[in-house]
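Colleague: Chain order of the listed sequences is B and Y.
1 is the number of the first residue of the first sequence in the numbering used here; add one for each residue after it.
1001 is the number of the first residue of the second sequence in the numbering used here; add one for each residue after it.
Derived from the structure by calculation, the hints contain no laboratory data.
Predicted model only: the values in this text are computed from it and were never measured.
Ideal Cβ placement from N, Cα and C applies to all residues, glycine included.
Treat the hints with care, since some could be wrong.
Stated by the list, open to error - Each pair of labels, with its calculated beta carbon distance range:
no., chain 1, residue 1, chain 2, residue 2, range
1, B, W150, Y, R1061, 49 to 57 Å
2, B, A146, Y, N1016, 49 to 57 Å
3, Y, G1064, B, E132, 31 to 39 Å
4, Y, G1064, B, V209, 23 to 31 Å
5, Y, V1214, B, P231, 43 to 51 Å
6, Y, L1140, B, Q30, 55 to 63 Å
7, Y, V1210, B, T217, 33 to 41 Å
8, Y, L1035, B, M141, 53 to 61 Å
9, Y, V1072, B, D31, 47 to 55 Å
10, Y, P1145, B, Q30, 53 to 61 Å
11, Y, N1016, B, R227, 52 to 60 Å
12, B, P22, Y, P1220, 51 to 59 Å
13, B, R145, Y, P1145, 25 to 33 Å
14, Y, L1133, B, G144, 57 to 65 Å
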Amino acid sequence: MPFLSGVRAAPSVSTSGEAANPWFSWDYVQDNWADLQKAFVDHVLLSVETVVIGLLVAFPLAILAHRYHRLAAPVLGISGVLYTIPSLALFAFLVPLDAFGPNRRTVLFGLVMYALLVLVRNILTGLEGVPEDVREAAKGMGYGRARLLWQVEVPVALPTIMAGVRVATVSTVALVTVGVVVGYGGLGGLILRGFQNNFYRAEILTASVLTVALGLTFDVLLAGATRLMTPWSRGRGA
Amino acid sequence: MTVPMNALGDAFVWLNDPLNYQGSTGVPYLTYEHLYITGFSVLIASVIALPLALALGHTGRGGGLTVVVSNVSRAIPTLALLTIFAATSIGFGNRATIIALAVFAIPPLLTNTYVGVREVDRDVVEAARGMGLSGRSVLLRVELPLAVPLIAAGFRTATVQVVATATLAALVGGGGLGRIITDGFGQQDQPQILAGGILVALLALVTEGVLALVQRSVTPGRERPRVLRRRAALDTSAEVA
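Let the hints inform the model, and build the full structure from the sequences given.
Modeller: The structure is reproduced here in structure tokens:
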């Protein structure tokens, strides 16, 4: 990653005035439209893939922990420890491995690991929170294990699960930027490029604002989706 | 799978090289720098968040504010704020890092302290009032002591998060142990990258362990399980680093 070398050497800061290095400039946006578009699309794809893969991994883990309670503590404990490890250190562990190296898969793997804790914990909390009466009623109506899970427990747990998906999504969008150390950081690549390009403020701020806006947009969309999926909980502040 | 083993061996060779323990790029100095950045960030965040959260919790106002603060802060990438501060007149380096990380340490402290004060048994508060304690005394002598376990939980979450995010400062010219990793990436030095990763992960896990013990020691036995469970629900207010 040659672009990371020599970061500590002080870049000369222009002190000739704010106008020389504005925080926002349409010229910047127009001149770098292609770069912005590519970084944005990369960022969206990395975020969406992370949450989708995260859910595919988290669901079986949470269901196992829900069915076999002895597994709950180790599953949550291990994902808690992984969550504590700083992302930069995680990428440092993954890059030397044959199976990873400095590529997109490494970033995706790291992001999924961080999303897991929130997803598993919320799915498990949601499933555990299903009232026993509801479960008994479903069993009394002849529901088998699988139907009980997918048609009763998961729908009832949906508000809690979706709360976890929202937290995981917003955190992931912010964390994608760190992928820049491996060369795949979406808008994070532009943030760091702006920094190394003599504190190019317009580039730093445009990419930062786009990242925050992307995270908050996902959050609003998922909040809307939750409302549509759980019409019964409307007006109860769930 | 022979290559990973070699990589690990090379990383330990790097960790055993006395040259890597000298001067301003040596492990001891960078560890000191990392802890110094962490300490100052958490201190600044505590000075701002604790009085505010105590006041809000005492009056019962601002519950919505704490939620909004932690939601919005989660959407802001740490790297973005570090870079933006580095590009202002604060200048890049440890000062910008400390301020940026303090901003992210505020939400967990704010949320946990607020909830800690709000969750104090209302009967206890009423009894204290009935005994003639002023509002200020109720806060300092009743609500604050009872909120200590949750404040400690918030402190732990905030500190561990700052230790983790402080590594990112190295990307924008800051110091700390992250330097070893970013310099390793810059020089394509695999053993150094891995050695840096080991040191950073170790520091984060040790911090987490030590503060977990601190939290336990200030939590009365009867309350332990309840508080720890609640902590699990609250620490989503932490930013992933």
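Colleague: Each of the hints needs a verdict: does it hold here or not?
Modeller: Status of the hints after comparison with the structure:
In this structure the supplied range 49 to 57 Å is violated for W150 of chain B paired with R1061 of chain Y, their Cβ-Cβ distance being about 42 Å. Between A146 of chain B and N1016 of chain Y the C-beta distance comes to about 55 Å, which sits within the given range of 49 to 57 Å. Checked against the given bound of 31 to 39 Å, the beta carbons of G1064 of chain Y and E132 of chain B, roughly 33 Å apart, stay inside it. Remark: the range hint 23 to 31 Å for G1064 of chain Y to V209 of chain B is upheld by a beta-carbon distance near 24 Å.
For V1214 of chain Y and P231 of chain B, the Cβ-Cβ distance of about 46 Å falls inside the hinted range of 43 to 51 Å, so the restraint holds. Take L1140 of chain Y and Q30 of chain B: their Cβ atoms lie about 58 Å apart, and the range 55 to 63 Å holds. In this structure, V1210 of chain Y and T217 of chain B meet the distance hint of 33 to 41 Å, their C-beta atoms being roughly 39 Å apart. At roughly 59 Å, the beta carbons of L1035 of chain Y and M141 of chain B sit within the given window of 53 to 61 Å.
Against the hinted window of 47 to 55 Å, the Cβ-Cβ separation of V1072 of chain Y and D31 of chain B comes to about 30 Å, which falls outside the hint. Taking 53 to 61 Å as the suggested C-beta distance range, the pair P1145 of chain Y and Q30 of chain B conforms, at roughly 59 Å. As the Cβ distance of N1016 of chain Y to R227 of chain B is approximately 58 Å, the hint placing it in 52 to 60 Å holds. Checking the proposed 51 to 59 Å range against P22 of chain B and P1220 of chain Y shows it holds: the Cβ atoms sit about 56 Å from each other.
Look at R145 of chain B against P1145 of chain Y: about 48 Å separates their beta carbons, and that is not inside 25 to 33 Å. Checked against the hint of 57 to 65 Å, the C-beta distance between L1133 of chain Y and G144 of chain B comes to roughly 59 Å, which is consistent with it.
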